[in-house]
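*Asks:* Next come the chains, spelled out residue by residue.
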Amino acid sequence: MRILDFGKHLQEWRQRSSSSNGSFLFYFTVVFVLLSVLLILGGVHFYHSEIESRYHTQLQKISAITDMKVASIQEMRSRFLVSAGNFAENPFVMDAVSQVVQNPTQDILKDKLMESVWHSSFSDGWLLGLNGELLTSTSKDPVSHTAKQAIADVLAGASPKLCDLPTMEGNHIYLDVVAMIYTKDRKPLAVLVLRMDLNDRLFPLLDFWPGAERTIESLVVMRDKGQALFINKRTIQPGHDFFEREPLTKTHLPAVQAVLGKVGAYYGIDYRGFPVLSYIKPIPSSAWILVVKVDEDDFLADSRKETLLLIVILGGSILLIAFGLNWLHRKLLSGLAKSAEEAKKKLLQFSVVVEENPALILITNRTGAIEYINKKFTEVTGYTQEDVIGKNPRILKSGETSRAEYTRLWKTLQAGETWQGEFHNCKKNGELYWESAMITPIFGDDGKITHFVSVKEDITMRKLDALAIVDANNQYQTILDTMPDLLFEVDQESRIYQYHSHDDTSLLVHPEHFLGKKMLDVLPPEPGAVCFAAIQEAAAKGKSIGGVYCLPLPKGKCWFELSVAALPVQEGRTPHFLLLARDITSRKIAEDELVMKNAEIERFIYTVSHDLKSPLVTIQTFLNYLERDRNAQKEADVVKDMNFIRSAAEKMAARLDGLLELSRVGHQVNKEEKVLLQDIVNEVLVLVAGQITSRKVEVISTQEPLLLYGDKGQFVEVFQNLVDNAVKFLGDQPSPRIEIGAVRVNGDWELFVRDNGSGIDPNHLGKIFGLFHKLEPKSAGSGLGLALVKRIIEVHGGHIQVESEGLGHGVTFRFTLPNIKRQNQ
Amino acid sequence: MKSEPRVILLVEDEEAHAEIIRRNLEDCDFTSHLVHVEDGQFALDYLYQRNGFRPPAEVRRPDIILLDWNLPKLSGLEVLKTIKTDPLFKRIPVIILTTSSAEADIAAAYAYHANSFLMKPMDYAHFHQMLETLCAYWFAWNHYPIESEGSMS
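Keeping their order, the protein sequence lines are chains A and B. Position 160 (the first sequence) corresponds to 160 in our numbering; numbering is contiguous. Position 125 (the second sequence) corresponds to 125 in our numbering; numbering is contiguous.
A hint or two may mislead.
As the list claims (entries may be wrong) - List of simulated lysine-lysine pairs, BS3-like, C-alpha gap at most 27 Å:
(1) B:K81 - A:K767
(2) A:K767 - B:K90
(3) A:K597 - A:K613
It is worth saying that the hints were derived from the structure and are not from the lab.
Assemble the whole structure, with the sequences as input and the hints as a guide.
*Replies:* Below you can see the structure in the form of structure tokens.
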């Protein structure tokens, strides 16, 4: 359910994010374009108005200055003309000229006349006759060509005339003026040509400029021979001279325009190829035209630079903003795209998770019709998509799941809650299987259930395994319970974690006294060390078998055999060991007994072989002697030999009897009964009465009413032999005494037979119970009695020992028998 | 061959066996002097001349000891131990003569430096042969260290 929800949300989110993204881009672009257009328009407008205003200002400036210059030039010209007129009207001049005309040889007058030319601040002067002949001149040069033209005009009746075309001589530019000299009665007398130096008058005027413009140039042009003639030198560009010409075809030149008749402002390209603003104004009453021009750059450069800077700044800013916004947008977009991509991947992952899920996943609609099953579902149930899509999951019903369970399921789901439980369902092939299911309703936007998702797991194996585990556990428990052994779980330090005993009475102490404690601390040192060593061996080799320790318990010594095995290592835990302690006390006792029995048998066989062989050696050897002695007719020796043989044979017979008797008592206690000690003693005293009375032995017997448990006849034999033995070794005791008594030692009764006879060398005490062992070779008896006593007592479970303080101090035999009790107890 | 008869100490509790040995030695080519004691205690008493034991004047320290193994009071082993741990007697050859053939006995005898371990033969001929050989070996062929201690007296 969570998975599906996630998918739905993801899709919605993606749609939302992509649409908002598109509109954003559009608005952004529009706003940006509008802004740019506005900026561009504003910029252009600003630029235009700026340029225009600059033009306007500049034009005003140069037009004003042009007007001024034109006026100045005009004034210069008219002054020149006036002064020439004045000169010609001068009475002195008139008089002198008339004299010269009348008498051309009047050289002094000529000189005076020419002198007056210089005085009148003209550079040179020529006086010509009406026929054009030269009367006199200040210069040796002839009259200029232009002056000749003017002379013709003046002669034809014109007023004084100023030539338009200047003449150049050396470095100087001159302008000629022609005037008629009249007589007093106004008759033409002569023609005067006066020359004026323009260098001093015109050029400074032209070159003067009151403004800051560096490229300002004032040019005086005129039309001459179909060309534009520059009178003054073009100074902005070096390499130009006076009187240069330009063809009229170069209409872009302001000078050409001027020549062609243009007046006022003109925007064109000058001779250098630079765009220039010019102002053209003809100089009145002359062919001269003044052209004042200035480079566009000169007055627009600043503006342009500023505008360019402005454009650059503004454009740069716009671009920067645009790029910035674009970058931001891209980043945002890529981020969105990335998260969308990731979301897509996630969705894909989730769908794979669902499809490849090891759980059975089933989705139904509200009515229970199956809409989706995953692979595992098909794998487990055998139903394919074609089989189940559109059908109800009840096709899986086996009838094994109870109706109540289904009711509970539907109630839970309809309440909008998740149901969890188990089904015992049926596969397509009819096989039954167990599944653990979790069914969850899915809600639509309106809060109503739209689907159910069921996630199930095939738990058949688990069910079977669980049953098997229960079985195994039961079996294991049964095995444990039938084991007589004690089991402990310990760690390497012998700390006890768990224990098992089939019966808590086999525990010696309450579990709380040893659980969580170390065996080393709980057990006595020696058993503790044995257990610890076994655990260490198991830690090193995996197991340890055969360690044995002994515990002194109230019921007696108990022996335990240890088996230790390392338990499978568990993560995060120190190694644990299983320690099995088996009570082998009975086995141990049996073993010890067996060892004892074996030793006894060995001793027996040894004794038999030695003690029976000895008489045989005697018999065999003496038979040889007998034969020899008889052959040698040695009658006395024959008797001797025969005695040896006889005594050996008797000895052998006695020993064989003894062996027989020993074996009789040695096997078992024939019958067991309660016998009063007094009864036994009394019987024995009857049996040994002869010896006792002949040796005058005083017999003292205990009065304790003790009950012995065992074979009465054998008990009688014990006491009889002991008393016999005592009597035998009374030695030369003057007042012999034999004491039969009982004392309590550590709560148990101990019986004793004590005499005050010759005693036994302590060195010999060890062997007196030996079979056929006789302390006195010559003494009576078979050497069997004490061996028999020991055997009987041991067969009854008792123990006998002998003590003597040495020769002459008597002998005491002490022995115990189990189950000796007071009669009244 | 020395002219002086050798002294043999026989420790034997069985009178019959002692008689057999006595007779055999009488028949033997070597002259010897036999001293017979009946148990281990007597043997030591004899050697140490104690507990009132006074041997006849002519009896000297034994040249060889024939020792039975199963003896009353002190066993052959104990007698052997005493002899072989006493610097005075330890050089005397001790020959164990017994009916026992138990391995434990043989091992114990040699552990305490018995010089030989013989089993009593079951018939006269073998008994005789054995003693003859024994005398020849110990009295004729065998060399003894010179005893500075000299005789027992």
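*Asks:* Which earlier hints turn out false for this structure, listed by number in ascending order?
*Replies:* none
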